[in-house]
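Trainee: Going line by line, the protein sequences match chains A and B. Read the first sequence against the UniProt record's numbering and you will find it ends at 482, with the numbers running on by one and no gaps. Read the second sequence against the UniProt record's numbering and you will find it ends at 455, with the numbers running on by one and no gaps.
A couple of the hints might just be wrong.
When the alpha-carbon atoms are kept at most 30 angstroms apart in a straight line, the in silico DSBU-like pairs for lysine-lysine are as follows [as the list claims (entries may be wrong)]: (1) B:K382 - A:K185; (2) B:K86 - A:K415; (3) B:K86 - A:K119; (4) A:K185 - B:K403; (5) B:K97 - A:K119; (6) B:K403 - B:K382; (7) A:K185 - B:K152; (8) A:K185 - B:K275; (9) A:K185 - B:K97; (10) A:K169 - B:K275; (11) B:K152 - A:K169.
Which residues of chain A face chain B? A few of them, derived with a C-beta cut under 8 angstroms, are [to be verified]: (12) S313; (13) H316; (14) E357.
Far from chain A, by Cβ distances over 10 angstroms, these chain B residues were calculated [claimed, not checked]: (15) R221; (16) E226; (17) E290; (18) P314.
What the hints contain is simulated information worked out from the structure, not anything from laboratory work. No experiment lies behind these values; they were computed from the predicted model shown. We treat Cβ as the ideally placed atom computed from N, Cα and C, and that holds for glycine.
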Amino acid sequence: MLRRLVILVPKFTIRRPLSPASPNLVNPCHGRSMASPDGNHRHPETNGEAKPPAPKKQKLSTSITDSEIQSEFSHHDASVARINNGSFGSCPQSIISAQQRWQLRFLRQPDSFYFNDLKAGILESREFIRSLINADDVSEVSIVDNATTAAAVVLQQIAWGFTEGRFQKGDVAVMLHYAYGAVKKSMEAYVTRAGGRVVEVQLPFPVSSKEEIITEFRRALERGKENGQRIRLAVIDHVTSMPSVVIPVKELVKICREEDVDQVFVDAAHGIGCVDVDVKEIGADFYTSNLHKWFFSPPSVAFLYCRRSAKLSDLHHPVVSHEYGNGLAIESAWIGTRDYSAQLVVPSVLEFVNRFEGGIEGIKKRNHEQVVRMGEMLAKSWGTQLGCPPDMCSSMVMIGLPWCLGITSERDTLKLRVHLRDRFAVEVPIYYRAPKEGEVDPVTGYARISHQVYNKVEDYERFRDAINKLVGDKFTCASLSA
Amino acid sequence: MAGDDPRNGGSSHGHSNHRHVAKKPKLSQSISESEIRAEFSHHAEGVARINNGSFGSCPASVQSAHRDWQLRFLRQPDEFYFNILKDGILRSRTLIKALINADDVEEVSLVDNATTAAAIVLQQVSRGFAESRFKPGDTVVMLHCAFQAVKKSIQAYVTPAGGSVIEVELPFPVSSKEEIIDAFKLGLDRGKRDGRTVRLAIIDHITSMPSVLLPVKDLVRVCREEGVERVFVDAAHAIGSVNVDVKEIGADFYVSNLHKWFFCPPSVAFLYCRKVDFSNDMHHPVVSHEYGNGLPIESAWIGTRDYSSQLVVPSAVEFVERFEGGVEGIMRWNHEEVVKMGKMLVESWGTNLGSPQEMCASMIMVGLPSRLLISSTEDASKLRSYIREHHGVEVPIHYQAPKEEGEGPRDKDGGRITGYARISHQVYNTAEDYYKFRDAVTELVEKNFTCRLIL
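In isolation and in its complexed conformation, chain B is listed as follows (with noise of 0.2 angstroms):
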């Protein structure tokens, strides 16, 4: 079950390796690595896959289980839809329910990605100014580095709702939790001004572009000392990578995609919203006969759809308890080799990681070399390309414009450091994956390429 994870914030002790040193599986009575292989075998060869962080990964096993519940649905459709369809959800609200400590099953629905849960959370703001019961101006605070479906979502549902929107720029790189809470204080300030009220905040738990695990308990707990209205954390790539408690992180709204870091097929995640005795006005926008039933019950059934990606939630259950450990040993297993390929990254390029290691999850950011001259976000993009076509690695790249003259990272060879690729590390995962990256790097390097001979 879900253990408090000091990474997760709320905790003054310090933050050196508490966890346990990863075991890899005990071969003789967990999976093994070939049945590992096997089970990703359908992943394409040559590719050095690196980011799972993206879209996720789905074992042969649980696909397998999710062509059956297809299959189950084409045979009968109707018989399905009456006797099968609903318990079958609710089999997967009542798994993720004990997975993520909530306390009533009431409290999880099934969306299809947090994309979908952005939607409905403003959604609900907006109707709040709508009818009046925010006022116009009222704030709704983000973080700069959002992701991109959120920051338009809240242009979609706030702005032209009258509410305003404040954005917080969190450091990068960054070194502590400090600095994150202290940024994330000034912002809340930021929105209170003028006595207005901050209706909404909305935190990542794992930032997606740079890549940094927040202390977001305790950014909860500062919102609840600045009479933030409520909290919502996008948590898209928590559950899988990161120990995840939603009562002890105490939001009012959270969010995980499972095919992330869960295994599951594209595309289930859960919203969870924490009961409350009123009315919670949260509707999906997809409207079905089922609307004024409850979340839960109407994201159940938005028109007929394939619903069985969020079926096949107990498969992927059972996958993850082939590990030893469980998925505790896949998180501290996943942890474990991305710091260490991080480092072995850096180490060989003369650069820096983009935050410390309690910082980061299953994904950490690695500074690439200055000599390639990466300024600007296209660039980083076109870069990508160059190495997906080229040397058959897989992985984005984040450009972090520099602050201030002379400020900010520098590489070994005295250059300013604005590119960092987001590596990531899953169960399919070798360390040739990051060693064909090292090399791919270090060639550009040594033929004095640049981002400018990019067209």
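This is chain A alone, in the form it adopts within the complex (with noise of 0.2 angstroms):
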């Protein structure tokens, strides 16, 4: 039997919501103080307008039950345990239904449809996120495919910033060193081509503290301003992807302020629905969130908020139709025929959601809670330990692999999910962990595990059984072929 050097691990404790009926939930993975409640989630009518009403989380008198809730998923892959909603997410067979609907409606009349259907749905499904996210005005929510298309519409602004002489050359923007593959490249395309320079936060993991991250993002903050430069544009990830950790941004928001920084986007890719989401809380000037991750929509829709002020205008989808100049909202709603159903089946995701008990609320409560408790059973299984502490994780949580499988390098990671994949029918992406200097059997390994309503505790068994099976049978990365 594997005996191995135990990191012990302070307890952390899930902090647990106010009452269920009551929307203030505290999430600490925001990184508020659990003294103070916020406001209500669900702002009160501003400017005398009648507001449509916030998604009520409807108590039923029965939610859906479980062989229900097998049912609507059952077009996934029985034979696969299926513990990576994070990646691509899941869309209910309710859901795959009304879009067909939404589909076969514009393939029957196509005219008709854009002329009368079209920017109505387009419409009722942004003042449906609106209220999700407690946005103060519908001009402020765009609809998009993904936060990637989200990244470039931001970004290609800054660009211009750079070509017309507003900024200058040198001038910096900031993102976290985990930042997605996409936004990375994003900011190679349309930050430093135009002649910015991009400053990266070296964030630590296993990270044990959100005061870790805070500290690495001051410093950040102070290398791009060394040279006397200004900082256009800090991107922050809202749950950073590989490896995931939930980042305190309404903290690193309020450091970029008195910071003087110009911009601020939160990308959210994993936000709504897996995270609490108040954009006003948060105090960003960009938030991007997708809806076919976490909540239940079919790919692809995100939204993009942006906060009403002047720098609006100079915002643009980069496909250009005849509804330049219109604002981004009107211009995301058409950008060339195409098929828009993912986007108008918002209201039907709501419906869906509002039948578990607590909503979406519930849902993310439940998720997180259960992801928790698996991930705990794995590190315990193995001798292993979580990437960062559970409040600091969400509907994912990152836990490190037997360092004697002998993950050396991203590319053995990739075989070895190919093998968990094809071997053992478990999906599951894993990161690698440059090992520092000095370590003793360094955990290289991180597995990242999704919960998400359709999940069963057989498929993190499953998941522990492969990686028992592997040690046992002194398993090796170097074992698998290139």
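Using the hints, put the two standalone chains together into the complex.
Mentor: Given below as structure tokens:
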């Protein structure tokens, strides 16, 4: 039996939210204090204008049952332990059907659809989202394909700043070292190429407190401002992708304001349906989140929130249609003939989540609790540890893999992932963490497990057993072919 | 495979009917009429749908294949992403390469639509100005009747970067390709005034409104002769309505939508970029981790999305091959029918066609009676809605402002023809669709209806 050095991790308790009936769920993942619950998540009407009702959590006499849930996801490959909702999300059968109905409506009479149905449908979706995220005005909410597209929108206007001489060459954009690959490339394409300088925040992993993140962030801002340059943009993940950690965005946005950063863009691809999203609380200029990841929408639909300000008119969708100049939300609602059905089903998705006890809040809470429980079960079985404390996790958790598996590179993680899929029918992404000098038996591989409503304990037990089998067989990544 | 289509220009031969008489499909061996009806049975009943040009159409069997692809992704998305997606996209691109006679599949990228392709090409031009490879004031030339999205794309990417824009007015109604070529040459001259370089010319293969099939090969040749740096052909309507041979046409960039005339679901288009021995600096505006791996690879992954309409191209090819003569047979049939129906309408109303039949493909512009008093773009739009709502006919209408006093075509009543309907013919259309339109307009005229009456 393998003995290894177990690093004692302080026990973190999940701070329970207030009563389920209250919408004021204080989610420690935001780094807010327990002491003062923030204001009502759903704002009273402002300006005396009637706003459509916020989605209510219906206390149904019968919430959706287990077997109904299984039926809604019966199109999933039943042979696979699908513990990777984070990558591509999931979509229940009733939403797929709703989407197909929209698709057929267009195909039936597309001209009539375009002139009479499309705009109203998109506006309705935007209104639902506005309410969900506590934005002031629907004009602040645009619908785009995904967070990758939102990044192009935000970064393109930064590029123009350089091209038009409003920014000086060498002015800075800051991002996290763990920023999503597409965002890094977008920075290269739009910022570096236009003459800007990109500064990366070096984040520790594993990480034990949000203070570690805050410290590194401050350091990066300092590096950005040396030589007297301005920081034009900070791109901050709400929940990083790999490795997955919930970032204290509210704190970091506040620091950005103190340090005179021009604009803050929160990339919350994993935001809605996974962590609490209150865009006013968070206070960023731009905030994007995919609905197809954790909000049961079909591929693909995301929102880009842009705080009302003078800068709003500078934002454009990169695909320019005749709607150019009518505001980002209107531009994004028509970028040529395409299938907009994924954007039109948002109201149906709200209906779906409200079939669950506690609605989306209930789903988030249960996903979080269960994924932490499963993570701790795996860590215990393998003798490893979580990559961060539970209150820095959302519906995903990073768990160290036994060092004896010999994960020595990113390539190894891909090979191991394929092996787990092909040999054990377990779908789970693996992160490579380069060891620090002097580390003995370093943990270099972390699996990112997700929990969504369709998951079962058996999924994680299968993963547990697969790893234990590999360890028992003295398996190493070196034995896998290239 | 793509044959040379003289309507694309480039030949000094006469333009008379060089095509075979269109045969209706041999019912015993090819798809039957009732099968065609079944394939398009999802179309709204009671609507004479004579506007395939705007949004295209998609048969039930291709829709079914489309849904299969969508379900495949949803079933196990990781596996789909790692093992299936790339091959599927490559297969679609390879089929298209053969369809359009491109040299190399590396020249073929799949994008959502022609609007996206315009963004790609014009962003590249924008960078040319921003990075001082182009001089301020260098020109981009486009047609006055270019699609509105293209005009706006130029406004978004060229003008703010320091480029200037020349719009070339083409005559309409038009009677010969020479009129087009002459007008285009004049426009190019304006672009080159004061020693400016024309960095890009954007030419439609088939204009949208008013719709005319242009001698695109001739126009590209003129561009080369006049030292235009790059030529971008916006052929949104081309594939499935006219032969497309990108080498013959000779442009640097060529885009066409497959969801218009090639039976694909919304939406999928190809952007052809002629291979060059330097980096062509073409990038998809939505940047993913594939950035820098070439436009075809960049476009094949722009974040999590539904790529199934791009993956379903093989099924669309299967569908067209069920018709006698395949896509060539369909194109011939559509062209013959739309010309026949167009002539029927103008004869009935005493008006004229907007172009000779060799300057149209599957769409034709049909003059509307002067008595309808169509006096603005707004009138045309209101009339269109009126005809949809009260007569069950779906057809776009173009307002053609009269050039000068006294000039311009007149109808049998002696009035100026200022409105043209763009009728389309696709395989699901029947003569009844056009009779319904004929009768609707006749009725309006008889009742002394004018656009002034529509609120």
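Trainee: If a hint holds in the structure, say so; if it does not, say that too.
Mentor: Tested hints:
1. B:K382 - A:K185: Since the Cα atoms of K382 of chain B and K185 of chain A sit roughly 46 angstroms apart, the hinted pair is violated (cutoff 30 angstroms).
2. B:K86 - A:K415: holds, 19 angstroms
3. B:K86 - A:K119: Roughly 33 angstroms between the alpha carbons, so the hint for K86 of chain B and K119 of chain A is violated.
4. A:K185 - B:K403: violated, 51 angstroms
5. B:K97 - A:K119: Not satisfied, since the Cα-Cα distance of roughly 36 angstroms exceeds 30 angstroms.
6. B:K403 - B:K382: Roughly 23 angstroms separates the two Cα atoms, so the pair holds.
7. A:K185 - B:K152: holds, 27 angstroms
8. A:K185 - B:K275: With Cα atoms ~24 angstroms apart, K185 of chain A and K275 of chain B stay inside 30 angstroms; holds.
9. A:K185 - B:K97: Answer holds: K185 of chain A to K97 of chain B is near 29 angstroms, not above 30 angstroms.
10. A:K169 - B:K275: Distance ~33 angstroms between K169 of chain A and K275 of chain B Cα, so the pair is violated.
11. B:K152 - A:K169: holds, 29 angstroms
12. S313: Nearest chain B Cβ about 13 angstroms off; hint violated.
13. H316: holds, 6 angstroms
14. E357: Violated - the Cβ of E357 of chain A stays beyond 8 angstroms from chain B, reaching only about 25 angstroms at its closest.
15. R221: holds, 29 angstroms
16. E226: holds, 27 angstroms
17. E290: violated, 8 angstroms
18. P314: At roughly 19 angstroms from the nearest Cβ of chain A, P314 of chain B sits farther out than 10 angstroms, so the non-interface label holds.
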